[in-house]
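As they're listed, the protein sequences go chains A and B.
The numbering used here puts the first residue of the first sequence at 120, with every later residue one more than the last.
The numbering used here puts the first residue of the second sequence at 120, with every later residue one more than the last.
Treat each hint with caution, since some may be false.
Identical chains blur together in the list; that is why a pair holds if it fits in one copy or across any two.
Listed below are the simulated EDC-like cross-link pairs for lysine to aspartate or glutamate, each with C-alpha atoms no more than 20 Å apart in a straight line [as the list claims (entries may be wrong)]:
#1 372 x 192
#2 307 x 269
#3 372 x 233
#4 307 x 455
Hints in this document: simulated from the structure, not taken from any laboratory.
Predicted model only: the values in this text are computed from it and were never measured.
There are 2 protein chains.
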Amino acid sequence: MTSTDPSRMDELPTPALVVDRPVFEANLATMSAARPGGTLRPHLKAFKSTDITRRLLAAGHDRFCAATIRELEGVAAAGIEADLLLANEVVDCSRLGRLAADGHRITVAVDSPETIRAAAAGGVRDVLIDVEVGLPRCGCAVEEAGPLADAARAAGLTVRGVMGYEGHLMMVAEPAERASRVERSMTKLLEAHAAVGGDIVSAGGTGTYAVNTWANEIQAGSYLLMDTQYATLEVPFRIALGVVATVISVSRKGWFVVDAGLKAFGMDHGNPTWPQGELQFCSDEHSTLKPSDGDPLPAVGDRIRLLPAHVDPTVAKHEQYWVLDGDAVVDRWPVDLRHW
Amino acid sequence: MTSTDPSRMDELPTPALVVDRPVFEANLATMSAARPGGTLRPHLKAFKSTDITRRLLAAGHDRFCAATIRELEGVAAAGIEADLLLANEVVDCSRLGRLAADGHRITVAVDSPETIRAAAAGGVRDVLIDVEVGLPRCGCAVEEAGPLADAARAAGLTVRGVMGYEGHLMMVAEPAERASRVERSMTKLLEAHAAVGGDIVSAGGTGTYAVNTWANEIQAGSYLLMDTQYATLEVPFRIALGVVATVISVSRKGWFVVDAGLKAFGMDHGNPTWPQGELQFCSDEHSTLKPSDGDPLPAVGDRIRLLPAHVDPTVAKHEQYWVLDGDAVVDRWPVDLRHW
Chain A
120 MTSTDPSRMD ELPTPALVVD RPVFEANLAT MSAARPGGTL RPHLKAFKST DITRRLLAAG
180 HDRFCAATIR ELEGVAAAGI EADLLLANEV VDCSRLGRLA ADGHRITVAV DSPETIRAAA
240 AGGVRDVLID VEVGLPRCGC AVEEAGPLAD AARAAGLTVR GVMGYEGHLM MVAEPAERAS
300 RVERSMTKLL EAHAAVGGDI VSAGGTGTYA VNTWANEIQA GSYLLMDTQY ATLEVPFRIA
360 LGVVATVISV SRKGWFVVDA GLKAFGMDHG NPTWPQGELQ FCSDEHSTLK PSDGDPLPAV
420 GDRIRLLPAH VDPTVAKHEQ YWVLDGDAVV DRWPVDLRHW
Chain B
120 MTSTDPSRMD ELPTPALVVD RPVFEANLAT MSAARPGGTL RPHLKAFKST DITRRLLAAG
180 HDRFCAATIR ELEGVAAAGI EADLLLANEV VDCSRLGRLA ADGHRITVAV DSPETIRAAA
240 AGGVRDVLID VEVGLPRCGC AVEEAGPLAD AARAAGLTVR GVMGYEGHLM MVAEPAERAS
300 RVERSMTKLL EAHAAVGGDI VSAGGTGTYA VNTWANEIQA GSYLLMDTQY ATLEVPFRIA
360 LGVVATVISV SRKGWFVVDA GLKAFGMDHG NPTWPQGELQ FCSDEHSTLK PSDGDPLPAV
420 GDRIRLLPAH VDPTVAKHEQ YWVLDGDAVV DRWPVDLRHW
């Protein structure tokens with residue numbers, strides 16, 4: 120925060136990405152109690168902020184994962200000392216290798232001979248074997264894991280263990296079904312781990328952290344800020360994230376328009392939510408809304424708070440979080456881990 | 120371009136936003152022939168680039184419109200002299216007023232007493248009365264237009280005319296139906312114009328530029344780059360925009376994964392398209408694809424080009440365009456008009 124930053128929510132330039140600090144802190148504390156220290160590997164892709172990374176460090180977490188090289192470069196540039204995993208395959212590891220050469224502990228996921236060669240050629244020393252556990256995305260087949268680990272060791276790499284993301288199970292609504300399907304996924308991962316060796320069995324996310332008792336570290340990030348989709352699950356985290364918008368037009372026909380649209384929200388999980396009424400549609404820089412039956416229309420200049428449907432891509436569109444305690448702006452956290 | 124920039128498409132860091140230069144130039148020339156000079160007011164929101172703005176200036180267009188204040192600030196900061204319209208309502212016009220005070224020709228849309236007061240208080244001298252012509256978004260009712268123009272003049276503002284965006288008609292598939300519905304919308308706008316006065320009747324977009332013969336300037340931007348949704352219309356523009364991605368994982372089960380996901384694409388109009396096969400789903404930083412029946416899987420490290428479904432929000436996620444002529448990288452245009 121600088122002396123020229125706004126001090127109250129109604130002074131923010133809009134659209135403004137906001138974080139409710141008490142809710143954020145409660146979410147952080149709840150997960151840190153459930154998954155303390157190194158049993159959690161917070162996922163930078165969800166929040167893209169070194170300010171938040173430092174708060175996780177202060178809470179005892181010293182390992183992080185990322186989806187992009189830029190996320191790790193940003194953490195390293197901020198002087199954060201931690202165990203850093205690129206939880207994704209990379210064909211050119213030269214940028215990761217430079218981080219490793221600078222003394223950072225860098226590990227990268229591999230699932231093929233090509234990505235093993237890339238890690239070795241780029242100067243990355245540590246790898247996890249990424250195993251496909253049901254989500255049709257990256258990861259080798261279980262029976263490929265042992266031979267890939269052998270190939271990695273033959274290439275001079277240290278194989279620290281396995282990872283396998285059961286992303287297809289995050290939103291299974293019924294908790295018992297979610298738990299039993301996670302068990303089946305993790306049975307595959309443990310079978311691969313037996314063939315691979317190493318200390319790490321990395322998996323999970325905000326939707327499965329409580330039932331995934333097989334992984335020894337959980338890759339979760341959304342729990343800190345949350346969104347309307349994750350909030351449909353029975354998880355002990357509340358929505359801390361919002362987008363504050365200004366009413367710019369009010370129609371006699373019963374609708375009003377705010378200055379936050381689909382360029383301010385991740386839209387892949389659908390429209391944002393306005394708890395006080397109905398969001399009818401988003402345009403690039405507008406949303407059209409109607410108050411709930413019987414409620415009055417707002418006035419031009421009023422502020423409203425919208426709740427994003429998907430945290431990660433929403434955050435990636437903004438330059439900063441404005442941190443709120445009630446209506447007071449108490450901090451500003453740059454979204455400094457964006458892009459690639 | 121600098122000497123360290125990549126010179127070929129397969130050297131680009133991915134995901135990479137790319138523009139096919141010959142297609143872009145053909146789109147630009149086609150529209151400039153149909154709507155020369157000031158009969159087109161290109162919309163900055165679609166491309167967010169001062170490099171592209173300069174190319175439009177060179178083609179004879181000297182008036183532009185924008186959806187955000189930052190878009191106009193960026194154009195002004197780049198030293199571009201033009202007639203600049205914020206085609207949107209603004210509650211705090213102080214930033215626009217500073218541009219006007221610096222000698223830029225700034226006009227802002229108004230549709231209420233509050234936005235008129237904001238323009239006058241902020242130091243903006245020129246306004247258009249924004250009229251709702253069927254899209255439930257901003258704009259006053261036709262019968263409010265004259266009184267608002269009177270109020271604006273009483274506040275010391277110059278009323279340059281009217282605007283009214285028939286955005287609900289852009290994607291009407293049947294050309295004759297689109298034309299007749301545009302006529303009905305523009306009849307409203309002309310009725311408002313008769314009450315308002317001024318020289319400008321501003322409307323339209325890429326979907327209606329050819330049939331909207333009532334507006335004397337067309338606000339179009341998507342035609343330059345295009346997307347898979349606009350390409351379903353019978354318009355003489357082709358898709359110049361793409362996102363180049365790298366294959367990072369190939370599964371024995373028949374799918375493969377690239378390193379461009381929903382953080383690289385505007386997702387509100389649906390998934391991007393891969394012409395050579397099927398895109399199954401996008402994750403934050405991945406897309407899972409299957410080749411068309413009978414086609415072989417690609418190899419890890421191969422590049423593919425994906426076509427976005429919606430140009431404006433896709434562009435807004437990227438730091439730059441890489442400009443291609445075939446596989447050669449011939450230029451780099453920063454996306455320098457992002458954010459708010």
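- Item | Unmet hints by their number, sorted upward, for this structure | The structure breaks hints 1 and 4; every other hint is satisfied.
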